[in-house]
Amino acid sequence: MTKRFGDTTAVEDLSLDIPDSEFLVLVGPSGCGKSTTLRCIAGLESPTEGSIYIGGEHMNYRVPQNRDIAMVFQDYALYPHMTVRENIRFGLEEESGYTSEERDARVEEIADLLGISSMLDRNPDELSGGQQQRVALGRAIVRDPEVFLMDEPLSNLDAELRAQMRTELQQLQNRFDVTTVYVTHNQTEAMTMSDRIAVLNKGKLQQVGEPLELYHAPENRFVAGFIGEPSMNFVEGRHRNGTFTSEFFEYPFDSGIRDDVGDTSDVVLGVRPEDIDLKRLPEGGSSGLADHEFRMTVSVVEPHGDRNVVHLRHPEDASESETIHALTPGTTVVDAGTDVVVSVDPDTVHVFDAATGEALHNRRLESEVEVHNV
Amino acid sequence: MSELSLDHVTKVYQDDDEEIVAVDDISVDIEDEEFLVLVGPSGCGKSTTLRMIAGLETITEGEIRLGGTVINDVDTQDRDIAMVFQSYALYPHLTARGNMSFGLEESTDLPDADIEERVEEVASMMGIDDLLDRKPGELSGGQQQRIALGRAIVRDPELFLMDEPLSNLDAKLRAEMRTELQQLQRQLGVTTIYVTHDQTEAMTMSDRIAVMDQGELQQVGEPLELYHDPNNMFVAGFIGEPSMNFLHGAYSDGTFVSDLFEYPLGRAIEDAVSGTSELVLGIRPEEIEVLDDAAVGDDPAHEYEMHVTVVEPMGDQNVVHLSRPGTDDMSDNLVAVTEGLRDVAEDSTATVRLPSDAVHFFDGATGVSLHNRQLDLTEETLRL
Chain G
1 MTKRFGDTTA
11 VEDLSLDIPD
21 SEFLVLVGPS
31 GCGKSTTLRC
41 IAGLESPTEG
51 SIYIGGEHMN
61 YRVPQNRDIA
71 MVFQDYALYP
81 HMTVRENIRF
91 GLEEESGYTS
101 EERDARVEEI
111 ADLLGISSML
121 DRNPDELSGG
131 QQQRVALGRA
141 IVRDPEVFLM
151 DEPLSNLDAE
161 LRAQMRTELQ
171 QLQNRFDVTT
181 VYVTHNQTEA
191 MTMSDRIAVL
201 NKGKLQQVGE
211 PLELYHAPEN
221 RFVAGFIGEP
231 SMNFVEGRHR
241 NGTFTSEFFE
251 YPFDSGIRDD
261 VGDTSDVVLG
271 VRPEDIDLKR
281 LPEGGSSGLA
291 DHEFRMTVSV
301 VEPHGDRNVV
311 HLRHPEDASE
321 SETIHALTPG
331 TTVVDAGTDV
341 VVSVDPDTVH
351 VFDAATGEAL
361 HNRRLESEVE
371 VHNV
Chain P
1 MSELSLDHVT
11 KVYQDDDEEI
21 VAVDDISVDI
31 EDEEFLVLVG
41 PSGCGKSTTL
51 RMIAGLETIT
61 EGEIRLGGTV
71 INDVDTQDRD
81 IAMVFQSYAL
91 YPHLTARGNM
101 SFGLEESTDL
111 PDADIEERVE
121 EVASMMGIDD
131 LLDRKPGELS
141 GGQQQRIALG
151 RAIVRDPELF
161 LMDEPLSNLD
171 AKLRAEMRTE
181 LQQLQRQLGV
191 TTIYVTHDQT
201 EAMTMSDRIA
211 VMDQGELQQV
221 GEPLELYHDP
231 NNMFVAGFIG
241 EPSMNFLHGA
251 YSDGTFVSDL
261 FEYPLGRAIE
271 DAVSGTSELV
281 LGIRPEEIEV
291 LDDAAVGDDP
301 AHEYEMHVTV
311 VEPMGDQNVV
321 HLSRPGTDDM
331 SDNLVAVTEG
341 LRDVAEDSTA
351 TVRLPSDAVH
361 FFDGATGVSL
371 HNRQLDLTEE
381 TLRL
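Chains G and P supply the protein sequences, listed in that same order.
Numbered according to full-length UniProt numbering, the first sequence terminates at residue 374, and the numbering increases by one at each position without gaps.
Numbered according to full-length UniProt numbering, the second sequence terminates at residue 384, and the numbering increases by one at each position without gaps.
Hint data in this document are derived by calculation from the structure and do not stem from the laboratory.
Keep in mind that a hint or two might mislead.
[Stated by the list, open to error] Stretch-level coverage of chain G by chain P, calculated; a stretch enters the list once three of its residues show a Cβ under 8 Å from a Cβ in chain P: (1) 184 to 192; (2) 199 to 208; (3) 211 to 224; (4) 265 to 279; (5) 304 to 317; (6) 330 to 344.
Only a predicted model underlies this, so the values are computations on that prediction, with no experimental measurement involved.
Where a beta carbon is used, it is the ideal one built from N, C-alpha and C, also for glycine.
Turn these sequences into a full structure, and let the hints guide you.
Here is the structure:
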């Protein structure tokens with residue numbers, strides 16, 4: 001599918017199959033084309049090229065109300081003059097084949113499931129943001145649609161409520177088994193809620209895969225940097241004779257990495273913060289450091305309680321152009337200003353082509369099973 | 001010297017016949033050059049406190065002293081304070097340079113050349129030289145907030161007051177600006193009070209954190225002190241993400257008894273909780289061990305079988321939601337955090353351990369902490 005607005009290509013040649021009852025998250029920075037894609041699926045925009053099918057049926061020329069989809073938006077769009085009950089019941093308005101009693105029973109059933117039974121006779125403005133979003137969900141669910149489309153439904157909620165609603169939504173989706181396409185710019189929502197994630201950037205699909213597949217085996221630097229918080233560290237440099245060299249670092253590649261990198265010379269080394277080990281500087285300073293060890297200076301420590309984000313720079317890197325972030329357990333305290341030994345296990349490094357961003361080598365995992373079974 | 005003292009400060013608003021106590025008798029001393037974060041949920045009184053320090057609100061009772069001088073009745077513009085707000089409040093028709101020099105032109109007799117030099121100096125220190133000739137409309141949110149900060153720094157005040165300055169920025173930029181702000185404050189050595197509702201900002205930026213709730217000061221301390229040694233359930237639950245787990249129960253014959261399980265206390269904890277009947281057990285998610293088969297049985301008294309309902313993979317870690325086995329209960333009983341590469345399947349049964357050196361106990365009626373986890377924060381073994 002391609003969608004152009006005048007000369008601007010919002011979505012370029014996107015192909016994606018979403019199996020029945022899958023929860024797919026479309027994620028990317030603002031302007032990446034994710035909302036346009038969702039609006040095309042909903043029928044609020046028509047694709048410039050390509051086709052959209054739901055349950056094998058071609059949808060391009062079908063109006064939104066005949067697509068059997070339900071949408072949930074960031075703003076809850078509840079009718080302020082209607083009670084919660086009336087708002088949810090409104091979702092059934094267009095549906096035929098229900099008696100009045102059946103409609104009432106269905107509303108009660110959904111309200112019970114969402115834990116809002118006690119609020120059925122209140123007006124939306126008497127509810128908190130989280131409760132209003134539950135009502136909006138209820139209105140979508142009550143119709144029992146083929147597909148749910150959700151556009152940043154949690155972004156108006158505060159952090160704690162968002163985390164709670166994330167889990168709730170996921171449990172609900174598991175229970176209803178309705179195919180769901182969920183749009184967000186928030187990588188945490190993508191990672192934690194989805195069966196699979198589709199990452200978009202500048203209108204182009206970057207990668208589709210299970211959360212941990214994207215995390216550990218990104219196809220390119222964009223995906224590697226977008227997925228994960230704090231982000232993957234990137235150091236730009238050159239590869240020559242099996243060794244990576246940047247302004248401040250030399251990192252020898254083992255044969256496995258060398259085979260993957262081949263003769264590409266401009267490369268980017270990537271390492272996730274949790275894969276960087278810190279050790280106390282031995283007596284006698286940096287003499288005797290191994291191949292994959294470096295002496296670095298701690299510039300900032302951000303304690304989070306459960307862990308610390310440690311900012312590191314090379315002692316000679318005054319401009320902090322090659323700053324690296326590491327994670328340590330919360331009870332391992334490091335002081336800003338101290339020098340430490342940083343080691344990076346070759347099993348954990350990624351190498352990207354600097355020109356194209358393409359992943360030449362991804363980290364090694366002990367077994368594939370671990371990634372897929374989690 | 002720019003130490004700031006709040007001495008039994010109270011703010012009462014009159015609403016018709018009703019009195020609303022927004023800030024209730026808070027006392028805190030902020031040292032010269034300290035970065036203090038005032039944190040709490042909305043309506044806790046943190047912004048009112050900041051506004052009293054700024055002179056934007058009158059003080060109902062108590063004293064505020066800056067550098068030893070009582071400033072209760074000093075006008076805002078004479079307090080030598082610079083404020084940075086959530087909204088950048090830049091003049092749209094002035095360039096960044098014009099915005100940064102405006103305050104100095106109005107409030108000082110400095111010659112234009114000196115002001116110009118000062119603006120350039122601050123801009124270069126902040127790495128925003130190349131933005132100076134642009135207007136706010138041409139700048140991103142992060143850049144606008146840097147200009148607003150620069151405008152405050154140029155004035156070289158005794159005290160910075162910041163009210164949620166990063167809350168309009170997206171998550172990545174916010175994390176970046178957090179570090180930048182913190183480094184800048186260290187470099188300048190200006191005493192700073194920073195208001196936020198975001199506990200991550202409080203933890204990562206501050207020298208000390210003051211936690212407020214319902215107008216009352218709950219605790220003041222270093223980030224890890226609040227995290228590991230909270231005064232009460234409010235602080236324990238507010239600081240840390242995901243939040244500390246709380247289980248309500250009762251004391252019975254050397255054992256904590258809840259709906260979920262029975263937890264034998266041991267002597268030290270028993271002494272600390274004795275005489276309290278209603279108890280709350282607290283444990284941080286990262287302290288709950290989801291056990292490999294081989295590790296089951298090492299401490300059977302503190303191990304429990306739970307049902308894994310949802311696993312949220314974050315990549316570097318997994319958030320594991322656990323509920324009582326054998327029920328269709330959707331509500332979580334416990335949340336645990338495991339390493340990213342640890343394999344935990346949804347809808348399975350897992351044995352978890354709650355180590356006795358990691359649990360907290362609170363008084364169920366008052367929320368006061370009776371026993372905190374045993375961790376000596378000055379202990380050398382914690383140092384890298």
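We went through each hint and held it up to the structure:
1. 184 to 192: holds (count 5)
2. 199 to 208: Coverage by chain P is violated for the stretch 199 to 208 of chain G (0 residues, Cβ < 8 Å).
3. 211 to 224: Our answer is that it holds, as 4 residues pass the Cβ test (under 8 Å) against chain P, meeting three.
4. 265 to 279: holds (count 5)
5. 304 to 317: Since 6 is at least three, the answer is holds.
6. 330 to 344: Coverage by chain P holds for the stretch 330 to 344 of chain G (8 residues, Cβ < 8 Å).
Of the numbered hints listed earlier, the single one contradicted by the structure is hint 2.
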